[in-house]
Structures are given as C-alpha cells and as structure tokens.
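Asks: So you can see what is in the structure, the chains are spelled out below.
Protein chains: 4
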Amino acid sequence: MAIVLGPTQYGKAENRVVRIYRDTPRHEIKDVTVSTALRGDFTDAHTVGDQARIVPTDSQKHACYAFAKTHGIDQIETYALALGRHFVASIEPVDAARISVDEHRWQRVEDHDHTWVRAGEETRTTAVTVEVGTAGAGAGGSEAAGIETPGPRAWVVSGFKDLALLKSTGSQFWGFLEDEYTVLEPTTDRVMATSLQAWWRYATTDVDYGAVYGNVKALMMRTYAELESLALQQTLYAMGSAVLEAHPEIAEVRLSAPNNHHLLYDLDRFGIANAGEVFHADDRPYGLIQAAVTRDDAPPPGPAWDEFPRT
Amino acid sequence: MAIVLGPTQYGKAENRVVRIYRDTPRHEIKDVTVSTALRGDFTDAHTVGDQARIVPTDSQKHACYAFAKTHGIDQIETYALALGRHFVASIEPVDAARISVDEHRWQRVEDHDHTWVRAGEETRTTAVTVEVGTAGAGAGGSEAAGIETPGPRAWVVSGFKDLALLKSTGSQFWGFLEDEYTVLEPTTDRVMATSLQAWWRYATTDVDYGAVYGNVKALMMRTYAELESLALQQTLYAMGSAVLEAHPEIAEVRLSAPNNHHLLYDLDRFGIANAGEVFHADDRPYGLIQAAVTRDDAPPPGPAWDEFPRT
Amino acid sequence: MAIVLGPTQYGKAENRVVRIYRDTPRHEIKDVTVSTALRGDFTDAHTVGDQARIVPTDSQKHACYAFAKTHGIDQIETYALALGRHFVASIEPVDAARISVDEHRWQRVEDHDHTWVRAGEETRTTAVTVEVGTAGAGAGGSEAAGIETPGPRAWVVSGFKDLALLKSTGSQFWGFLEDEYTVLEPTTDRVMATSLQAWWRYATTDVDYGAVYGNVKALMMRTYAELESLALQQTLYAMGSAVLEAHPEIAEVRLSAPNNHHLLYDLDRFGIANAGEVFHADDRPYGLIQAAVTRDDAPPPGPAWDEFPRT
Amino acid sequence: MAIVLGPTQYGKAENRVVRIYRDTPRHEIKDVTVSTALRGDFTDAHTVGDQARIVPTDSQKHACYAFAKTHGIDQIETYALALGRHFVASIEPVDAARISVDEHRWQRVEDHDHTWVRAGEETRTTAVTVEVGTAGAGAGGSEAAGIETPGPRAWVVSGFKDLALLKSTGSQFWGFLEDEYTVLEPTTDRVMATSLQAWWRYATTDVDYGAVYGNVKALMMRTYAELESLALQQTLYAMGSAVLEAHPEIAEVRLSAPNNHHLLYDLDRFGIANAGEVFHADDRPYGLIQAAVTRDDAPPPGPAWDEFPRT
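Chains as they are written, first to last, in my numbering: chain C, 614 to 924; chain B, 614 to 924; chain V, 614 to 924; chain Z, 614 to 924.
If you are wondering where the hints come from, they were derived from the structure by calculation, not from laboratory data.
Check the hints yourself; a few may be wrong.
Stated by the list, open to error - Below are the BS3-like pairs computed for lysine-lysine, each with C-alpha atoms no more than 27 Å apart in a straight line: (1) C/K830 x C/K643; (2) Z/K774 x V/K643; (3) C/K774 x B/K643.
Just chain C, same shape as in the assembly (with noise of 0.2 Å):
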C-alpha cells in the first residue's frame, strides 16, 4: 500500500471584474465574478513542493481582468471560453481548465447613458471546461464526449441561480405514498414558491447564449405559471422538457428546486377566517427536489457537468 495523490485543481477564486465599454456616450457595462481551475500534472508541487509546473494564481487572476479588456465580455459564456482556451494553449503543464462565471445583472436609470441600477435577482451563471485536445479527438471523441473545436474540447454549461417563483394557486399535493410518519394533509390548492437554480448543458458551442438565455428562463418562469401543478417533481420535469422542446442545441437541463414552505397561519382560534390568504412563509426546513431532463440520445456529458449536483 501507497499513499498517492489524487486529484487537483487550484485556482484564482471570485475576481470581480467589472468591464465598461465607453467608445461612445452611451456606456455599457458588464459586471461578473469569475473563478479559475487549472488541471495537470502537479504533482511535485504536491509532493516535494517544487513549484516548476505552477503558474502562481496571482498570475490567473490578471487574465481574468487582462481578458476583460482583450477579449470583451460579451456573453459570459465566450469570455469563460476565451479564459479556458487561453490557459490550455499557453501554459504547457494544464491539461484543462474549468472558468465559472457569475454575472451582476444592471439596467439603465430612465435610460441614462452611463448610469445604471442594479436588476432583479436571479444569478445568471456558466461553467467552461476546456481540455487539451488528443489526436483523433476531432474525429471520434469529441463526438461523443466533448464539442468539436478547433484545437482543445470544451463543455459549455449555462444557468442560473436564486430566481424565486410563487404561485398563490395552481398547485396540489394529494395521493402520496403514506408512511409511519406521515400525517400531512393532502391538498388541491397550495402556495407554491421556489428560488430556482437551473443548468443546461450544450450540445455546441456554436450557441447565441444571451438569446438562448432569455429564451430559456422565459420558458421556465411561463411554466411555471401555467402547469396545474400535481407536484413540485411535475414542474421541474414540464419546464425541462420545454426548454429541450425548443432547444436542439441543448443536451440536458437539471433543476434544483426548494419548497418554500408558505404555511397557512391559523387564525381560526381568534375567530378569523382564513381562506388561503395569510401565510407564514417558513425558512428551514424546506423541501428540495432536484431533477434532471434528458434525451434519449443526448452525448455524454462532459467534466463540467459532474461538478453539479447530482439531481
């Protein structure tokens, strides 16, 4: 028996890079926190703490604000690509690099020029994986396990996080299997409320992510809406299967979905009605139901996905 190193990644956690563009005077700003992983052989550094094969995270981070500036932020999306690409073909010792990005979405006050607030509160999120391209790979392996691209392979997955979605109606609970500690009511009528975190993972790279992004929460949040909910399980699996509906360019989508209790408060004992009109809205502890929606021919997924959870 050996003790033996497993496996690594380091990297610069959360650079908050804030990007403006001011060719003209009417400014754009893009506002994100990116995180860097790089994957190689790194074991002396592990093991004798022989730094030769480790560009410092110092270094990782200038990128990241370096890129800003070279590459653009356009979509988070092809800026985590730019970073990932960057980091596999210049820096001998990686064999792939995982770029996440969150974005900090502003919009404009009464349309001013350069002056913005801050919007909503969903989290729009991607994860990159790019790796170190094998001989045949375009051929063969990134058909299967990875997306074709000109030199390294690369797995785009996009979402996002913390969109909370209620409903004052338009949800039921009844027929559950019963058990030894069951004493929940069935009910044709519920407050349903969630804060959603959604990925999806690409089939391509050849994607116009801002307009599939907008396209796939819209499809999410009108689901949401619209399904006669037999279950939280039944939305998360309808809302999936929309956006794949429409999406060919998407290969999976997973859901993580908490049930936000919203308790009917009992005013009976002070003589007031309460027909599904007032509410404790609990915080812990709370359901959590996590799915994923597929295709029967979907390509494997590739390393970025198997850092999500599980679902």
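With the hints as your guide, set chains B, V and Z onto chain C.
Replies: Same frame as chain C, now just chains B, V and Z:
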C-alpha cells in the same frame, strides 16, 4: 449608588407574513417581514421576574398575522400604524410600540394572474412609532414632537435599503485636504457605485405612502444619474434636497451610502491600455458617507428617528 | 423655509487589519476590523462639492494600518482611542471621530509559536468617540458628559456580539398578561437560548480593558447559567447588575438578546414520548428582549452611546 | 429522439434538530442540521404528477426528529446511518438515501450541568449514502464499491468545514512557472491563512467516529503548523498523508483550502518600516487549492463521494 433599570423594549422580530388577495381570479400579493417592540413600565419583569404586565411575544406574533387579514397590508406604513395603534390601545402597560416592516416585492410573470417573480434588489422599509397620547398633546406636544392623530401620537419613517447604483462617468474627486497619510491621486473621471440606504420622516400621517415612495426613489436615482458629481457628499445632499423640494410632507431625509470602490486595474504592466474600461470591484474597506438633509423649520424628530444611524 | 444640511459623518469602513508581533520566535497576533467616521463642518463638500476640508477616506485607511505598527494593537480600545485622538488632533476640520473595532480572536494550535486556529464564536467589539476639547471642559463638561483626558474628550464603549448561550432547563415563563391573541401555554421548564449582544460604557479611560472584558463575559455567562430564570428579561437584568456590582468603572450595560425559540417537537402523534428531549430550533420569528441596566448616579452617556440599539 | 427523465432525488433539507439528554442532572446536548434525499424510480411523479410512490418530505422531517429520540444522536455518522437505513428498508420505492448532517458544537459554561456556550468555528459534517443491497453484494460488490453491512450497503464520508488556520511565518512561495501575466514576487516568508474544508471516506463502518474525528483534526492542524511550507499544495498533501498513515480505516482524504491572502501593507510611503508586521486581510479574490490524497489500493468511492467538490 443604586443599580437601576434603564430603557427597555421587547417584541417579536422578523415575522414572515405573506398576504394573498384572492377575491378575484387576479390575485395580489404582499410579502413582508415585520418586527414589533413594545415599551412601557416592565420593571417587575426584569427585577423580580413577575410577568403580570408582559404580553408574550408569541401573542404579538399572532397579531401581526391576524392584522394581515383583518386590516390587510395595503401599504407597509398603514399596516405598521394599525399594529402600533392596536398594541398601545389594547394592552394597558404598553406606552409605546415600534413596528418595523421590510417589504419583499414581486412582479407578475408575463402579467400572469397568480404567479410572480421576485422584483429588484432594493427593499422598501418602514418604522413606525406610536405613543400613548397625553392630555393636551393634541394642542401642543404633538405639533412639535409628533403627528396629531385621534388618540395616540404616531411617527412614520419610510425608506429603503440596498439600492445598488453605479455610474461609469460623471464623477470626480479632487481638491481634497491632504494629511500625512494622503497619497490618493485626484481624479476628474471615476466610477461611482453605492448600495444606498435612505430614510425619510414624515411631518404628517396623511400620506399616499406608495406614491411618495415611488417618486422619492425615482428622484434619488435621477439625481444620482444626472449630477456631475464632485463627491459622493455632494450627490447625497442633492438627492435629499430634490426630495424635500418635491415633497412638503417630508421633514427630513437621511442617507447612508457606501462608496463601493471600483479600482482601475493596472494592465499597463502587460502592455494593455486601460482607459477607464476594466475595474476591480473591491469588497472591503469601503468609504461610508452619511448625511441628513432637513428644513430649517422642520419639527423635531420623534422616537423612531433616534434609532437610525446618526449620519 | 430653507433646506439645510443636518448631521453628517464620513469615513472608511471595515478595514481588515492584521498585526503580527514577531520580535521573538513566539509570535503574537491581533486581527481586527476597524471603521472610522469623522465629524465636523463639511457643509461645502455637500452643498457645492468643495473638498478643501475633506481628508479622503483613503487617508483614513492608511492611518488605520499605520497605527497598527506605530501604536500597536494592545487592546482594541487603546488602538481605537489612539486613532480617534489622532484624527481630532491632526486634522483641523475634524471636531469628533468615532472609531469602531471588531476583534477576531485566534488561539494557538497546540501552543505553537506562530500558528493559530480561530477561537470561539463571539466577537469582541468597541466603539470610541473622541471630541475636540472645549475651554472649561476639563473642569465641568467632561465630568458630566465625557471622560477627562489631556486635551480632547473621549467616550469608550466595549462589548461583544454573537455569544450563543443555551440552557436546557432552569428557565420558566408563566403568569403573563393575556390579550385576545394569547394562546401560549405557560411553562415551568423550557430551553432558553440566545445569541447575546452586550455593550457597556465606561466612566473613565483608566481601564485594563482586556481584564475587564474577560471578567464581564464570565460574569454574564455565569449568571445566565445559574439564575433559575422566570423570563429572559429577568436574566438580562441580573447579568447587567452582576457586572455593575463588580465593576465600578462601568456606568451602564445594554443587552440585546434574541429568544431563539426551541420548540418541543410533537412526537406523541407517532407514539413516542418526548419529555423535553427533542426540539426544533426555529429560525424566525424570534423574541427580542432589550434592556439597559445603569446606576442612579451614572454620568450621562456620550455621543458613542446614542448609536447603539435603544433597548 | 425522446425527452426522458434523468437522475432525481428529493428530500427535506436543513432540519434543525436539538437533542437533550436529561436522564441525570448533568445534561448532554447534540445540535445538528440534517438533510435527507431519497432516490428511486419516481418517474410518474415527474411525468404525470402521480404521487403514489412519493413519501412526503414532511414525513422525512418527522423521521429526523423521531430518530433523535428513538435512536439518539451519539455520533452524527451513526445517526445518519440509522436514518438512511430506515428510509431504504421501510419505504419500498426508495433505492438509496443520502443523509447529510452538520453538527453545531457546544461547550459547558464553567462545567455547568445544563448550560453551554457555542464552541469553535469549524463545523463537523457527515454525508452517508445507503443503498438497497443486491444479491451477491455482500460477497463481492460491497467489498469493492461499498461497505458490507447486514442488508443495505452504506458509504460514510466525514469531514469539517470552516476551520480557520493562520501561520505568521514558515511559509514560502518561489520557483514558480512564469507566464505573460506573472508579476508576483517570490517570497521565502509569508503569512499563510486558510479556512479549511476536509472530507474523508471510510473503508468500513466499524469506526469510532468521534475519536477519529478528533484525531484527524488534530493531525491536520499539527501538520499545518509544523511543516515549513513551500506551497499550500505541499501542506495539503502532507495533511492528507498524515491522516492516511495514522488511520487505515480511511481510504481517501479530500481538502479544499482557500488561500486567504494577507497582503503586506505598504507603509514605506509614510516612512514606516513594515517587516512582516502589518497586513491587509483581503476578501476576494482568493486562491483556491484542492487536492485528494488516497491509497493505491483504495476501494473505489461510492455515490456519496461523487457529490463533493472534484479537487
């Protein structure tokens, strides 16, 4: 020398009350966090553990949920006033009640009848203090120190927190006093970003709170955008002045504004020009500028006002 | 009617200063978060954007780090006093300075010379206000309203936050006033848990701050443990009294204590007895009990005191 | 092409369970946050909203509280195993259960019988996965892929999060690879600080979990202190190796360590020497170093392991 009890208060904090209006198929929602604090002579509870004058915080909680039904939550200020007046009027030992409310706003998903998505980032707030009226208060005391109401006196403070604003130009900082620790370079063009907190106190309770709120927020955002700023101090004063000029029912405005530093990233060392385009958004430390703007004939502030940051 | 500037202050918040003492192989560490706020006549900065009387917050930041070396951080109170006196003495427009400090404590790893692990949960705090001295202040004003010092006047408040305490018995709550919303059952045995915040103001600056801090904290914890409590109110008063009895240099104690409810879980419905053994620790809402304990001959509080929760 | 359901799980997250042992006047306390997640064939719940195979998350919550009484909480691992085995054994559609627990530690106030103060900063954690046993699993499959138990198979991962460590010397970083963005100066003496997360997976369930936990934590802290570090990577490997050498029952260790940068503050510009004495503790970005240390004959990890950061 004797040890004595000083000021006290007690209540139930952070009740999470959600009220659905469902009389028609088009529902409405109000989502608030409400806290109560009662004041009076509770000496015996403290010194000998006698609870005879103590209404449990549990009862206060029930009142918060019950009032969401019986009085409704039209504006957070009217809801807080109703609760405050209730405690003062119906519980004999209570001399004063302070009710504070945060509102969590929702907006409809594609104009759907009963589904919403969380709106925006700023949180609308209020803090109301109601005091038992005293003989003659209506004639003299309330004019100066409070707001005349039929019975108890009331003070209303409204505001918001966490309104994130950023302008990418139109902000300067130069001509400042230099001491032995001053190395800052003056600038005539910088990013100015903040996460604004604002409170304002009313001179009356005869207010259309929702309309005033919307207008005050708009005036502050517009002033932030349009003023060519020589300092955050100047911007705050202009914001407060704009509000007071437009709203005679407001006696004083307080503002607390972190200067969320956006540091121009040094890309020169990599041979990349950076003319105000790429910034690091720093977390800590941050400047913190606080100021009040008032009228020279404003009535003195009431008890609710004392509990806000001094500014 | 004219619009006028009210009170203002400005400074640099949350400077994260770490000081290592390394004169011998056995190092010492002080880890603090320090915030500055300067007061004075800064009208022109607000009304016309003239910064001639404004020392940048950047300079205040540098002073915080420089003083960690030149004056050291023995106790957070002495460090804050040194900073406050510096700003008042060396920057002409400054009439008063308020310095607040949080200390993050470390303890040695197995008595190692230069390695520590974070200690405990409670955070030690101080807030010091230094004001420019006025003629005669030493003779009269400072006795009543401040603490006599050579030159400026100073007020010192010390305290802590987030001291989590729990007792599994020895706490009762009964005999309370009942109103229309009272359904709570009285109890003679409950769990009492809190996350205590405490502040105390000194009547002098001639204090061994570290020793007093340790003793005050121990007295409060011991009182919490040993008193058979009839209400959290009674416990708070007993804690404050114990401190005042032992520490003549302390003029007043303020306490803010959430009642972190531990709800006995109903296991009867599953045929399981639960005699005070299994609880749900609820998040929100929580009771919030606040009280001050003082002396009948205590000097009036200074400006630093006004900015703490009223209690 | 057809749209199909992928992996799913559902449960009740963050149940806040407090267990008091009060059979003698000297009480004991266990305070945990426990989350459940059940896996199985729940297709109909997703695709057609049929709940016939779904035990409500409400029932899972009750089981968490009930088991705190019926099985007790000796070690979080044994409590989680009991819950996991219960769900798999008693609910027919459940193929696997994942139970994760955080423990919030308390220490006695002056050795008091029933009063505690929150202890430390690190949180002890576990994640247990129990799977329905298959024919022959006990003979072969469980040796390789799981842990042999009477009936279902189980995997136990233990760990902690947020263990903050800092050493003021004994850390170097030099000899690294330089790319076009490298401007970092090498150093032979720096502050090294982290907030460590660690997980380790056991090769057996016949473990004295509490004793192992204490020893693993002590070994990691001691190694952090005593190793003259050439990089955080080297320190992590040494920590993992020390654990594996001492604990044959542990198959693999994973570590995730932010490099919480302490930046030497430039006081030269103010004429003040700063020889490693005053630092700015920066928030973001931070380095993030992740590594696994294992044995070359370690059994393959089970399902619980897949859900931790890749490292």
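Asks: Now tell me if each hint is right for this structure.
Replies: To see whether the hints hold, each was checked on the structure:
1. C/K830 x C/K643: holds, 19 Å
2. Z/K774 x V/K643: Distance ~23 Å between Z/K774 and V/K643 Cα, so the pair holds.
3. C/K774 x B/K643: holds, 23 Å
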